[in-house]
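Enquirer: Heads up: the first sequence at position 69 corresponds to 69 in the working numbering, and the numbers run straight through without jumps.
Since the hints were derived computationally from the structure, they do not count as laboratory data. No false leads were mixed into what you were given.
No farther apart than 30 angstroms at their CA atoms in a straight line, the calculated lysine-lysine pairs in the DSS-like style are these:
{"id": "1", "residue 1": "LYS62", "residue 2": "LYS73"}
{"id": "2", "residue 1": "LYS317", "residue 2": "LYS349"}
{"id": "3", "residue 1": "LYS368", "residue 2": "LYS94"}
{"id": "4", "residue 1": "LYS161", "residue 2": "LYS223"}
{"id": "5", "residue 1": "LYS83", "residue 2": "LYS94"}
{"id": "6", "residue 1": "LYS83", "residue 2": "LYS55"}
{"id": "7", "residue 1": "LYS73", "residue 2": "LYS55"}
{"id": "8", "residue 1": "LYS94", "residue 2": "LYS223"}
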Amino acid sequence: MIDLEQLRNNPQQFVDLLSRRGSFDMQPILTLDRQLREMITQRSQLQSRSNVISKTVGESIKAGIPPQSPEIKALRDEASQIKTAIAEFEPQEKQINAELEQLLLTIPNLPSPSTPVGTSEDENVEVRRWGDQYIPAGENILPHWEIGEQLGILNFERSVKIAQSRFVTLLGAGAALERALIQFMLDRHIQAGYLEVMPPFLVNSESLTATGQLPKFSEESFKCGADDLWLIPTAEVPVTNLYQDQVLTAEELPIYHCAYTPCFRREAGSYGRDTRGLIRLHQFNKVELVKLVQPETSEQEHQALVENAAGILEALKLPYRIVELCTGDLGFAAAKCYDLEVWLPSAGKYREISSCSNFHDFQARRGKIRFKPSGQKQTQFVHTLNGSGLAVGRTMAAILENYQQPDRTVRLPEVLQPYLNRAVL
RNA sequence: GGAGAGGUGGCCGAGUGGUUGAAGGCGCAGCACUGGAAAUGCUGUUUAGGGGUGACUUUAACGAGGGUUCGAAUCCCUCCCUCUCCGCCA
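All chains, please: the whole structure from these sequences, using the hints.
Expert: Below, the structure is given as structure tokens:
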């Protein structure tokens with residue numbers, strides 16, 4: 001959620017920044033805001049008078065004045081009238097408030113001033129590349145879904161039968177490799193200071209609204225029709241919402257969490273894209289990193305988070321690059337975002353394997369996640385950050401291709417070998 | 001699914017119609033005492049919003065929403081959630 005006070009006090013600066021993402025009309029919001037505040041002022045004054053009357057009536061009765069006496073009767077009548085007047089205000093006020101709220105929920109986050117300006121992913125900025133020496137030289141590398149099926153560790157066909165397209169079943173060493181990757185990633189992140197959590201995989205609408213998936217992107221998540229519960233599209237949702245509606249102390253920050261969860265996405269509107277393989281599935285595993293930090297530190301915390309995610313790729317010796325998303329490619333809730341892209345030989349290009357975002361106070365404001373700086377009376381919103389560390393299925397895809405050998409076997413990255421008790425698939 | 005109990009401030013826990021935003025305790029902060037600390041004492045300690053440059057002032061909130069009343073944490077209705085026991089089940 002954007003900061004209404006900031007918008008009110010400095011609309012021009014606000015609109016300028018937001019215009020880097022697209023065009024948004026802030027005028028309706030400003031108008032509703034003004035109307036609402038006028039109503040609140042008027043209604044509060046009436047309420048105040050009403051409270052005085054009630055108090056006087058109570059005191060008078062206590063002092064022995066009969067409840068039916070004319071002076072008390074007069075006060076009661078006045079209070080009744082005020083009550084009627086207030087009753088007229090309330091529905092209007094509620095309605096305006098609801099409208100305002102709805103509008104505010106659809107405005108995306110302000111991009112950070114340092115986010116490169118651009119209109120599409122073509123204008124994303126490459127930050128660095130790593131691991132050129134690990135890019136395999138061979139020409140005829142099988143795409144991961146082919147080698148996976150040859151090795152008998154991936155099965156797509158039967159998954160269609162039991163679910164539908166865009167699902168996979170892992171068998172034997174495939175299942176073991178997936179599990180090993182999860183374990184390996186978590187081990188590293190725990191070592192780096194993240195506290196592991198295993199949250200619910202179903203969440204309510206409120207949680208999805210706080211992190212920004214609702215109300216605008218409801219068609220992206222699976223909903224359990226009979227309940228107000230959704231399958232999580234990412235661990236970001238349950239883990240961030242662990243702290244929803246809380247006032248933390250400054251000492252509790254920063255909070256670092258890592259979490260393994262499956263993720264469920266409808267992938268609406270991506271028909272025909274990445275229809276084969278592990279790249280775009282309705283269900284995939286992911287290890288997620290989530291941070292809640294004080295605002296002054298969020299920039300450096302963001303950099304550190306990117307390094308934690310990149311550390312996994314480096315440990316696995318998978319070639320990757322980091323790109324900074326431009327304003328046009330930025331996610332709804334993000335102020336700044338780096339994508340980690342792994343080299344995928346079959347595609348001959350880098351593919352996203354992690355997305356590391358700084359949301360500033362956007363999610364915290366929606367989820368009411370605050371903290372009290374030591375010595376201060378006022379609460380402040382925390383900054384939230386998260387990033388994949390990493391998408392597990394895509395990591396497996398990268399291994400199956402980058403580690404493929406001419407004899408159609410796949411070597412395992414050294415760091416994984418102890419987890420699987422073998423060196424080759 | 002059946003039966004019961006309960007939801008009050010950071011926490012515990014009083015409170016059944018009238019200056020109760022809420023006793024008491026714990027915790028926390030400040031001060032005093034001390035060589036320093038403990039113990040003790042005193043003081044302070046919710047959040048969100050409106051108005052005001054400011055001192056300040058005002059409104060709301062006792063699970064949520066509605067109702068009764070001049071006045072509701074307290075009474076009535078609806079809903080949600082939690083806990084215990086039984087049944088079923090991973």
